[in-house]
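Enquirer: This is what each chain is made of:
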Amino acid sequence: MHVAHLSLADFRSYARVEVPLDPGVTAFVGPNGQGKTNLVEAIGYLATLGSHRVASDAPLVRLGAERAVVRASVVGQGGRTTLVELEITPGKANRARLNRSDNVRPRDVLGVLRTVLFAPEDLTLVKGDPGERRRFLDELLTARAPRLAGVRSDYERVLKQRNALLKTAATARRHGGGKAADLATLEVWDGHLARTGAELTAFRIQLVAALQPLVAEAYRQLAPDAGETVLEYRHSFEGELPSSREQAEQQLLDALQAARPQEVARGLTLVGPHRDELLLRLGPLPAKGYASHGESWSYALALRLASYELLRSEGGEPVLILDDVFAELDARRRDRLAELVAGGEQVLVTAAVAEDVPKALTGARYAVSDGAVTRLTP
Amino acid sequence: MYEGVVQDLIDELGRLPGVGPKSAQRIAFHILQADPVDVRRLAFALQQVKEKVRFCSVCGNVAESEQCRVCLDPRRDLAVICVVEESKDVVAIERTREFRGRYHVLGGAISPIEGVGPDDLRIRELMTRLADGTVTELILATDPNLEGEATATYLARLCKPMGLKVTRLASGLPVGGDLEYADEVTLGRAFEGRRLLDV
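As you go down the protein sequences, you meet chains A and B in turn.
In this text, residue positions in the first sequence follow our numbering: the first is 965, and each later residue adds one.
In this text, residue positions in the second sequence follow our numbering: the first is -8, and each later residue adds one.
Keep in mind the hints are simulated off the structure, nothing from the lab.
Mixed in with the good hints, there may be bad ones.
Computed list of lysine to aspartate or glutamate pairs in EDC-like fashion (alpha-carbon distance at most 20 Å, straight line) [said to hold, decoys possible]:
id, chain 1, residue 1, chain 2, residue 2
1, B, Lys151, B, Glu175
2, B, Lys151, A, Asp1154
3, A, Lys1131, B, Asp111
4, A, Lys1131, B, Asp110
5, B, Lys13, A, Glu1319
6, A, Lys1131, B, Glu138
7, A, Lys1124, B, Glu116
8, A, Lys1124, B, Asp(-1)
9, B, Lys41, B, Asp26
10, B, Lys43, B, Asp26
11, B, Lys79, B, Asp(-1)
12, A, Lys1124, B, Glu105
13, A, Lys1323, A, Asp1334
14, A, Lys1131, B, Glu116
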């Protein structure tokens, strides 16, 4: 698939901008702070309903404006064009439109446009907290099967409710006594947490298994003489990985039972997929803390390339976005990466200077300066 | 900002559920321009609703006397109780004319985030109603969202030892709709709850 046209209104630094796009490589070049990343961020937002740079929506809306509008026409498989539109109002639910029809939930937009985005922030996939890697898995899950966005939000809702319950119980206990009734409903929440949590866990484990060979292959291509990558999904509790959703549910119920005294004392849910970890190993050692800067970069790129391969193999080639990454890489990784993505149906690149865009990536060039996007070549 | 009383009215209206600042302003100006008789009738209705309406001592539904209309109706089946979250759910179910039993209004659903536990709902009153054995079936009609499901599960566990028939309203496809427009969760539920077609 590819984006044929992007329009922004009151998004970040743009009051209004219209950008026609072609398949193949397109590079946005311009000095820092001129709005290159804002363009690709908007495309990423349509695909994931979130920004790769900020957690809240407020910074996405232009200063002084009430809401931002992102609209794109997406050409999918078989040449069918879909017009996707999102209205982003901070503090409120987004409003979505598909082909000018109002009657859609934002969640329905997921899957129309699929992207794989490379950004300097990706280094935190390897060096950062487990939360970064969980988010990586969950976003990829949603890109593969948009339905799972519902599973994720259900799980988060159950978790919030259960944590609120544990917190009041813990506070009551500290102040002497504590209502027994508070905990009477805990088992009910355990049941809900185990059911939604098991679904999420099972899908993640399945995803990690599918990614494993693809990551290894991508890493070999980026760093031919380096070690072997191994992905390992780890529970937040002792015990082997489940082979079915039913088994995962029973494991979670048992783990919740075992952790109960601790959970009540701390007022927090301590087991579940929100505390699981995706361990990235390089040879026998964990990448975090052991891999060099260059190795960490190769690993992060391999995770993204593997995501791309996975989505592509399951139909609907995603749009590749490379946001300011080439400046971060040494010459060898830069060229390898360029070769690997050059054949993509649509590749959008941002760079501060034209020399940062590798030779292998020839295509359209846009100059981005002071909120204006001007086409330079062909 | 408007002059004193007008702004007061806008502020008060803006506090109502579903009314934003723009709508509040529109309603306020509608009232300003309306016939004084109409406005007096609205004010009277507002006052009356607070003074006259009470909650049924049996089921918790809104009532104008000690008990609500459903509980006072001798034709209703005493053996079945339908548990709902709010009085407005009673109205919704009454419109179907399918249900001939009586109701029990909980006054909400279990939601720790909002500080609502079982003790804050009319669950103890429900247990009292169930104690004498007249009731043989309990229909759980709480909302089909997470909090409603949790409340239903909690009640089902609580009532299990009493030997009652406990049922939950079915979730599934809307009547007269198209299958292709159903979301995955609803469609999944409809599959779980499929039934034998007796021909």
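Enquirer: Does each hint hold? Answer for all of them.
Expert: Quick rundown of the hints versus the structure:
no.: 1; hint: B:Lys151 with B:Glu175; in the structure: 31 Å, violated
no.: 2; hint: B:Lys151 with A:Asp1154; in the structure: 18 Å, holds
no.: 3; hint: A:Lys1131 with B:Asp111; in the structure: 17 Å, holds
no.: 4; hint: A:Lys1131 with B:Asp110; in the structure: 17 Å, holds
no.: 5; hint: B:Lys13 with A:Glu1319; in the structure: 52 Å, violated
no.: 6; hint: A:Lys1131 with B:Glu138; in the structure: 18 Å, holds
no.: 7; hint: A:Lys1124 with B:Glu116; in the structure: 29 Å, violated
no.: 8; hint: A:Lys1124 with B:Asp(-1); in the structure: 37 Å, violated
no.: 9; hint: B:Lys41 with B:Asp26; in the structure: 24 Å, violated
no.: 10; hint: B:Lys43 with B:Asp26; in the structure: 26 Å, violated
no.: 11; hint: B:Lys79 with B:Asp(-1); in the structure: 29 Å, violated
no.: 12; hint: A:Lys1124 with B:Glu105; in the structure: 11 Å, holds
no.: 13; hint: A:Lys1323 with A:Asp1334; in the structure: 26 Å, violated
no.: 14; hint: A:Lys1131 with B:Glu116; in the structure: 27 Å, violated
Hints 1, 5, 7, 8, 9, 10, 11, 13, 14 from the earlier list are contradicted by this structure; the remaining hints agree with it.
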